[in-house]
Amino acid sequence: MGTKVCNACKYLMNDGSDFCEKCGSKYEPILSEVKGSPSKHTCNSCQKEVSADASFCPHCGIKNPLLGSGASLGQQIISPPVEENAAGNAILKYLVIGFVIVVVAMLYLLSTNKDSGTSNPKIKQPPPSSINLKLNSYQKLSGGSWRNYLDIQVLNQNLTVQKVTVNRGGCQILNQSFGINSDGPLKYGDTLTYFIMPYPACNVAEVEVITNLGAMTYNFN
Numbered sequence: 001m002g003t004k005v006c007n008a009c010k011y012l013m014n015d016g017s018d019f020c021e022k023c024g025s026k027y028e029p030i031l032s033e034v035k036g037s038p039s040k041h042t043c044n045s046c047q048k049e050v051s052a053d054a055s056f057c058p059h060c061g062i063k064n065p066l067l068g069s070g071a072s073l074g075q076q077i078i079s080p081p082v083e084e085n086a087a088g089n090a091i092l093k094y095l096v097i098g099f100v101i102v103v104v105a106m107l108y109l110l111s112t113n114k115d116s117g118t119s120n121p122k123i124k125q126p127p128p129s130s131i132n133l134k135l136n137s138y139q140k141l142s143g144g145s146w147r148n149y150l151d152i153q154v155l156n157q158n159l160t161v162q163k164v165t166v167n168r169g170g171c172q173i174l175n176q177s178f179g180i181n182s183d184g185p186l187k188y189g190d191t192l193t194y195f196i197m198p199y200p201a202c203n204v205a206e207v208e209v210i211t212n213l214g215a216m217t218y219n220f221n
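Here this note's numbering is used: the first residue of the sequence shown is 1, the next is one more, and so on.
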């Protein structure tokens with residue numbers, strides 16, 4: 001007997017036979033015999049035996065195990081290390097906390113509009129009895145920087161502020177009394193707000209207020 005195996009009944013045939021002596025089927029050589037190569041090969045990744053027609057190695061999962069170093073992993077998902085993910089989440093957490101702290105601090109500063117003000121300056125020149133004003137010099141956060149302001153509040157009716165002079169004209173001021181008719185008679189409680197220009201630098205020391213009922217001079221020193 002030879003080494004040929006019948007394709008139909010698996011009977012061991014003689015090497016010189018073209019038809020099976022048992023079932024009469026014609027012998028057809030298998031693919032490995034035609035190519036003259038074994039049916040098993042070695043995987044280039046894990047060096048274990050795989051089938052010649054295998055698309056993926058059953059041992060390591062490498063794609064095309066017979067192609068060598070150019071083979072790629074098949075259906076294997078490479079996840080990032082858990083340590084890197086944890087570090088990234090911690091950094092993001094601290095960034096969010098820092099952002100919240102900055103926002104809260106800014107809101108607090110904006111809510112604290114008046115700072116280091118002197119709301120009760122000394123009256124240098126006694127005013128007429130008909131004038132009742134309250135002055136306040138303070139700083140307010142505006143445009144990302146602290147700026148100096150002056151408030152003049154009217155505590156009697158039908159008063160018109162005609163002129164305001166700071167430091168005897170040494171400080172330039174800008175009226176910012178939005179929503180109040182500063183040119184006409186003021187109502188009780190109306191407040192005129194003046195922005196003190198930063199150039200040249202000005203530290204409020206004296207304010208003179210001239211009204212339709214007379215003048216008052218306030219000393220902040």
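Calculated from the structure, these hints are not laboratory results.
Just to be clear, a hint being listed does not mean it is correct.
Below, in silico cross-link-like pairs of lysine-lysine (DSS-like), each with a Cα-Cα straight-line distance of 27 Å or less [unchecked claim]:
{"#": "1", "residue 1": "26", "residue 2": "48"}
{"#": "2", "residue 1": "93", "residue 2": "63"}
{"#": "3", "residue 1": "140", "residue 2": "187"}
{"#": "4", "residue 1": "134", "residue 2": "48"}
{"#": "5", "residue 1": "163", "residue 2": "134"}
{"#": "6", "residue 1": "22", "residue 2": "10"}
{"#": "7", "residue 1": "163", "residue 2": "187"}
{"#": "8", "residue 1": "140", "residue 2": "163"}
{"#": "9", "residue 1": "22", "residue 2": "48"}
{"#": "10", "residue 1": "26", "residue 2": "10"}
### Given pair status - residue 134, residue 163, alpha carbons within 27 Å
holds, 16 Å
### Task
Could you grab the alpha-carbon distance between residue 26 and residue 48 and see if it respects the 27 Å cut-off?
Distance ~36 Å between residue 26 and residue 48 Cα, so the pair is violated.
### Message
Check the hint pairing residue 22 with residue 10 against an upper bound of 27 Å on the C-alpha distance.
### Response
holds, 10 Å
### Message
Please verify whether residue 140 and residue 187 have alpha carbons no more than 27 Å apart.
### Response
Within the cut-off at roughly 25 Å; holds.
#### Entry: Straight-line alpha-carbon gap residue 26 to residue 10, limit 27 Å
Distance ~12 Å between residue 26 and residue 10 Cα, so the pair holds.
### Query
Does the alpha-carbon distance linking residue 163 and residue 187 stay inside the 27 Å limit?
holds, 17 Å
### Query
Does residue 134 pair with residue 48 here, judged by a C-alpha cut-off of 27 Å?
violated, 95 Å
### Task
Quickly compare the C-alpha distance for residue 140 and residue 163 to 27 Å and report which way the hint goes.
holds, 23 Å
### Message
For a C-alpha distance cap of 27 Å, please report whether residue 22 and residue 48 respect it.
### Response
This hinted pair is violated, its Cα atoms lying about 38 Å apart.
### Query
Does residue 93 pair with residue 63 here, judged by a C-alpha cut-off of 27 Å?
violated, 40 Å
The structure fails to meet hints 1, 2, 4, 9 from the earlier list, while all remaining hints are met.
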